[in-house]
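Trainee: Going line by line, the protein sequences match chains Z and E. With full-length UniProt numbering as the guide, the letters of the first sequence map in order to residues 1 to 478. With full-length UniProt numbering as the guide, the letters of the second sequence map in order to residues 1 to 478.
Treat the hints as calculated values from the structure; they're not laboratory data. Mixed in with the good hints, there may be bad ones.
Since the list gives no way to pick one copy over another, a pair counts as held whenever it fits inside one copy or between any two copies.
In silico SDA-like cross-links for lysine to any residue, where the CA-CA straight-line distance does not exceed 25 Å [what the hints assert, rightly or not]:
1. Lys73 to Ile304
2. Lys281 to Val109
3. Lys419 to Gln207
4. Lys387 to Pro123
5. Lys428 to Lys477
6. Lys281 to Ser157
7. Lys154 to Asn167
8. Lys199 to Ser178
9. Lys39 to Asn440
10. Lys251 to Leu136
11. Lys39 to Tyr98
12. Lys477 to Asp414
13. Lys428 to Asn196
14. Lys359 to Val109
15. Lys38 to Asn440
16. Lys37 to Asn167
17. Lys437 to Val319
18. Lys477 to Glu170
19. Lys351 to Asn167
20. Lys359 to Glu334
21. Lys364 to Asn341
22. Lys26 to Asn215
Bear in mind the structure is a predicted one, so any value in this text is a computation, not a measurement.
Each chain, written out:
2 protein chains.
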Amino acid sequence: MMNMKLLSLPCRYTLSRHLYSSCSVKDILNTQPEGCKKKLKGWAKAMRKMKENIFVDLDDGSTHRRLQVVIPKNKIPASLTYGCSFEAEGVLVRNPNYQLELVAESINVYGSCVVQDGYPFAPRKTYHPEYVRQHLHIRPRTATFSSLLRLRDKLSSAVRNRFAEDNFIEINAPVLSSNDCEGAGEVFAVKPDSENLVKEMISKDHQSPMEAFFNGQTYLTVSGQMHLECMARALTKVYTLGPTFRAENSKSRLHLSEFYMIEAEQAFIDNTEELLSSIEKTTSTVVKQLLEKSSDEIGHYRNIIGASKDNDPVNMVNVPYEVISYQKACDVLEKENCFKNSMIRGKPLAKEHELFLVKYNGQKPIFVVDWPKDLKPFYTKAIPNNKSLVYAVDLLCPNVGELCGGSVREDDYDVLKEKLSFVGLEDKLHWYLELRKFGNVSTAGFGIGFERFLQVLLDVQNIKDTIAFPRWPHNCKM
Amino acid sequence: MMNMKLLSLPCRYTLSRHLYSSCSVKDILNTQPEGCKKKLKGWAKAMRKMKENIFVDLDDGSTHRRLQVVIPKNKIPASLTYGCSFEAEGVLVRNPNYQLELVAESINVYGSCVVQDGYPFAPRKTYHPEYVRQHLHIRPRTATFSSLLRLRDKLSSAVRNRFAEDNFIEINAPVLSSNDCEGAGEVFAVKPDSENLVKEMISKDHQSPMEAFFNGQTYLTVSGQMHLECMARALTKVYTLGPTFRAENSKSRLHLSEFYMIEAEQAFIDNTEELLSSIEKTTSTVVKQLLEKSSDEIGHYRNIIGASKDNDPVNMVNVPYEVISYQKACDVLEKENCFKNSMIRGKPLAKEHELFLVKYNGQKPIFVVDWPKDLKPFYTKAIPNNKSLVYAVDLLCPNVGELCGGSVREDDYDVLKEKLSFVGLEDKLHWYLELRKFGNVSTAGFGIGFERFLQVLLDVQNIKDTIAFPRWPHNCKM
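With the hints as constraints, model all of the structure from the sequences given.
Mentor: Set out below in C-alpha cells:
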C-alpha cells in the first residue's frame with residue numbers, strides 16, 4: 001500500500017509558467033534592465049498627452065515609485081483611462097532625465113475605470129483623510145494609503161528583526177482569554193452567533209449564553225503580558241506583535257477598538273535601568289533600520305501628508321533617551337499655566353501634559369519613571385526603598401504622548417498573593433501566582449502601540465489612517 | 001519654547017549595563033568562546049552527581065541545547081534542585097567529548113523548585129501530551145513544548161521571508177468584521193462586557209446589545225480573504241498571517257476555536273496553474289528554509305515525540321507536487337472499500353478520503369483541482385468551458401489531509417452580482433462587488449492553516465500541541 005504509485009494523475013496544466021513576480025515595477029527599478037523587453041501589469045495613474053505619444057504612470061503597488069509607459073498615439077485603446085488596470089509590453093529605455101521608461105509595443109486594458117460612474121477619487125485631486133476613510137475598500141488605491149501600507153509592513157519586519165537578532169522568541173499571545181483585564185470593564189466579550197449552538201453547549205454549571213461555549217466568560221485580549229510572563233519563565237526572552245482590543249467609547253485621534261501591540265517580556269531583569277535599555281534599543285534600532293532601508297518612501301509619505309519637521313524620526317535613533325521621574329515631571333508641569341486640565345500630583349498625566357514634557361525635551365523621546373503605585377496595575381513591583389513608588393516607566397514621544405508603557409513585575413510569591421487577594425483575583429489568577437512558586441525569576445516587560453509607533457514615525461495625525469481596516473465606536477465597516 | 005532645555009533631569013541610573021543578551025546558551029554554542037569567563041542564567045534540568053562534582057544542565061530556552069555546568073561539591077547550594085532558576089559564573093572549557101562546559105566558580109539560586117510541592121513535571125519522566133496540556137502555564141518548561149515554540153517562531157519567520165522575498169506586502173486583516181462568513185453560522189459575535197457601556201451606546205437603529213457598540217452585529221473573522229482582495233487590487237501581491245476563529249463544537253485533533261492562517265492573494269492570476277505554483281512555492285521554500293536553518297531542532301523534536309519516518313518533511317520540498325482532479329480522485333476512492341464513510345460523488349471528501357489520497361501518492365503532498373461548484377463558496381470562479389466546475393484547489397498532506405485551500409475568484413461584475421443576489425448578500429457585500437467595477441483585475445489566493453503546517457512538518461498528532469494557548473470547545477484557560 002505504502003509504495004503504491006499514482007498512475008492515473010492528469011497531466012499538469014500546460015500553460016507556460018511566467019509568473020508575474022519577475023516583472024514588478026520594484027524589481028525593474030532595482031535591477032535597471034535597460035534594453036530588455038518586459039511585460040508589466042498594474043493600474044494607470046497620472047496620464048499626460050503629447051503630440052505623438054501618451055505618457056502613463058503604471059502603478060503596481062510594489063513600490064511608491066511608478067514606471068512611465070510611453071504609448072504611441074496609434075496604439076492607445078479608448079478604455080485606457082485613469083484608474084484602469086492594464087498590461088503593457090515593450091522595451092525599457094532611458095529617457096533624457098536618465099529614468100527608465102517602457103516604450104510600449106502593445107497595451108491591453110483589463111478593467112476600465114469610469115470616474116463619473118462613482119469612483120471616489122478623481123485624478124490630480126487630493127482629499128481630506130476623513131473623506132478617503134469613507135471608502136475603505138478603495139483607499140489602498142490612493143498614493144498616500146498604499147505608501148502607508150508598505151511602510152506598515154516594513155515597520156513590522158523591522159520590529160521582528162530587532163527581536164530575532166537578540167534571541168527573542170515570538171509567541172502568539174491568545175486573542176480569546178478568560179482574563180478580563182483585572183475587571184476594568186473595558187473588554188469585549190464573545191459568544192457563538194448561532195443560538196442553536198449555544199443551546200447545544202449550555203451545561204448545568206454554565207447556563208449563560210456568554211459562558212456556554214468555553215465554560216466561562218471569554219473576552220478579547222487587552223494585553224498579552226501575563227501570557228508572555230509564562231513564556232519568559234521558560235524561554236527567557238519573548239515577544240508578540242498582534243491585535244489587542246479595547247471596548248471604550250473613545251473617538252480620539254489616538255484610540256482604536258482593535259489595534260496592534262508590540263509586547264516583550266524578559267526574565268532576569270529586576271530593575272528599571274535594564275528595562276529602559278531594552279525599550280530604547282527596540283525603538284532606536286527599529287527606526288534606524290527603517291530610515292536606512294525605506295528613507296525614500298518615508299520621505300515620500302511625509303511629504304504628501306505635510307508632516308511636521310519638528311517631529312523628526314531621527315530623534316528616535318539617538319540613545320540614551322532622557323529620563324525624568326514622575327515627581328520631577330510634576331514639578332515641571334506645576335510651573336505651567338497653559339493646560340486645559342491642570343496637573344494634579346498623584347494623578348495620571350493628561351495627554352497635554354505628556355505632549356508638553358516632550359516639547360520641553362526638544363521634541364525628543366523622554367522616559368518618565370518611578371510612578372506612584374496607585375497609578376499602575378497591581379502586578380507592578382514596588383521599589384524596595386520606597387514602597388509608595390513602583391518600577392514602572394512610560395515612554396513619551398512627539399505627536400502621541402505615551403508610546404510605550406512597561407514595568408518590572410512583582411516576583412515575590414507572598415507579596416503578589418496579597419495583592420491578588422486585595423483586588424479579588426486570587427482564584428482567577430491562581431496560575432499567574434503559581435508562576436512564582438517554581439523556579440521563580442524576576443521579569444520585566446513593555447508594550448508599544450504599533451499604530452502609535454507609525455504615528456510618531458510618520459507624523460500621522462489620526463490613528464485611523466495607520467491601519468488597513470480601522471474599527472472604532474459605531475464603525476466596523478467590511 | 002521649542003528650544004527650551006530640560007535642565008533638571010535626574011541622572012540616569014548608574015547600574016552597570018551588562019545586558020543578559022550577551023550570554024545566552026545559544027550565543028555561547030554559536031560563538032564557542034573557549035577559555036572565557038561567562039555568567040549564565042537559566043533553569044536546572046538534568047543533574048548528575050559524581051564524586052567530586054555535580055553536573056547540571058542549564059537551560060535558558062534560547063536553544064534546545066543545554067550547557068553543562070560543572071560545580072565542585074563544596075560550592076553546591078542545597079537549593080540547587082531540578083527546575084530551580086540559577087546563575088552560574090565560571091570559565092568555559094572543552095570536556096573530553098569536545099563539548100563546551102562551564103566550570104562554575106560561583107552559583108546563585110534565584111528560585112527553588114520543590115517538585116513534591118505540586119510541580120507537575122518530575123525529572124526524567126515523560127508525560128502524555130494530554131496531561132502536559134492540563135498545565136498550560138508550566139508547559140513551556142518541558143523540553144518538548146519549548147522546542148515546539150521555537151520551531152513555531154521559526155516557521156512564522158520562514159513564511160514571512162518567503163513572501164517578502166517575492167514582494168508580497170503583509171496586511172493585518174481585521175479580527176473584528178461585519179462579515180459573518182456568508183451566514184454559515186460558525187462565527188463568534190462580540191459585544192462590550194460592560195452593560196453600562198452598551199446602554200450608553202444603544203441607538204434607535206441599533207437597539208440590540210450585540211449591535212450597540214459598532215452599529216451592527218460584529219464577528220470574529222473566519223478568513224481575511226475578502227479584505228485581502230481589496231488590497232491585491234492596489235498592491236498586487238499581499239498576505240496575512242494572523243488569528244482566525246471558528247465557533248464549531250468540534251473536539252477533533254485537527255480543529256481549534258482560535259487558529260492562525262497564512263492567507264495570500266495575488267492580482268493578475270486567472271488560472272489554476274499559477275495558483276498551484278504560488279502555493280507550492282510557499283510550502284516548499286518555507287520547509288526548505290526550515291530544514292536548512294533548524295534541522296537540528298526539528299530532528300530533536302521529532303525524536304522526542306517519536307514522529308513517523310513515513311511523514312518526511314523533505315516530501316514538501318520536492319516540487320512540482322502531483323495534481324489530480326476531483327473527478328479522478330473520486331474514481332480512485334470509489335474502488336476502495338476500506339472507508340468508514342464511503343465516498344459520494346459530488347460531496348466533500350471526508351478526512352479519511354483525503355488521507356487515503358495522500359497515502360496513495362506515497363505520503364507526498366497532492367493537489368486536488370477542478371471541484372464541483374456546489375462544494376466551493378459563491379466567489380469561486382467557474383471554469384469557462386465547464387460551468388459546473390470551478391477553479392478551486394485543495395492541497396492534501398500527510399497527517400492532516402487538507403492543509404491548504406485556494407481558488408481563482410469570480411471577477412466578472414455581472415456574474416458576481418447574480419451570485420451575491422442568489423445568496424442574499426448583495427447589500428452586505430456591496431463593497432466586495434464594487435471592487436470589480438473600477439480598474440478590475442482577476443485575483444487568486446489561498447489559505448494555509450498555520451498549526452496544521454506545523455503538524456505536517458513535525459508529525460504532531462494533536463493540533464492543541466502546536467499553539468501556546470489552545471482554545472477549543474469548553475476550554476479557554478488563562
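Trainee: Taking the hints in turn, state whether each one holds.
Mentor: Do the hints match the structure? See the list:
no., hint, in the structure
1, Lys73 to Ile304, "neither (32 Å within a copy, 69 Å between copies)"
2, Lys281 to Val109, "neither (49 Å within a copy, 29 Å between copies)"
3, Lys419 to Gln207, "neither (31 Å within a copy, 40 Å between copies)"
4, Lys387 to Pro123, "neither (62 Å within a copy, 39 Å between copies)"
5, Lys428 to Lys477, "between (35 Å within a copy, 10 Å between copies)"
6, Lys281 to Ser157, "both (16 Å within a copy, 21 Å between copies)"
7, Lys154 to Asn167, "both (20 Å within a copy, 12 Å between copies)"
8, Lys199 to Ser178, "both (21 Å within a copy, 24 Å between copies)"
9, Lys39 to Asn440, "between (61 Å within a copy, 18 Å between copies)"
10, Lys251 to Leu136, "within (18 Å within a copy, 37 Å between copies)"
11, Lys39 to Tyr98, "within (21 Å within a copy, 57 Å between copies)"
12, Lys477 to Asp414, "between (48 Å within a copy, 24 Å between copies)"
13, Lys428 to Asn196, "between (29 Å within a copy, 23 Å between copies)"
14, Lys359 to Val109, "neither (52 Å within a copy, 45 Å between copies)"
15, Lys38 to Asn440, "between (62 Å within a copy, 22 Å between copies)"
16, Lys37 to Asn167, "between (45 Å within a copy, 21 Å between copies)"
17, Lys437 to Val319, "neither (37 Å within a copy, 50 Å between copies)"
18, Lys477 to Glu170, "between (30 Å within a copy, 20 Å between copies)"
19, Lys351 to Asn167, "neither (35 Å within a copy, 39 Å between copies)"
20, Lys359 to Glu334, "within (15 Å within a copy, 75 Å between copies)"
21, Lys364 to Asn341, "within (23 Å within a copy, 67 Å between copies)"
22, Lys26 to Asn215, "neither (51 Å within a copy, 41 Å between copies)"
When the structure is compared with the earlier hints, violations turn up for hints 1, 2, 3, 4, 14, 17, 19, 22 and for no others.
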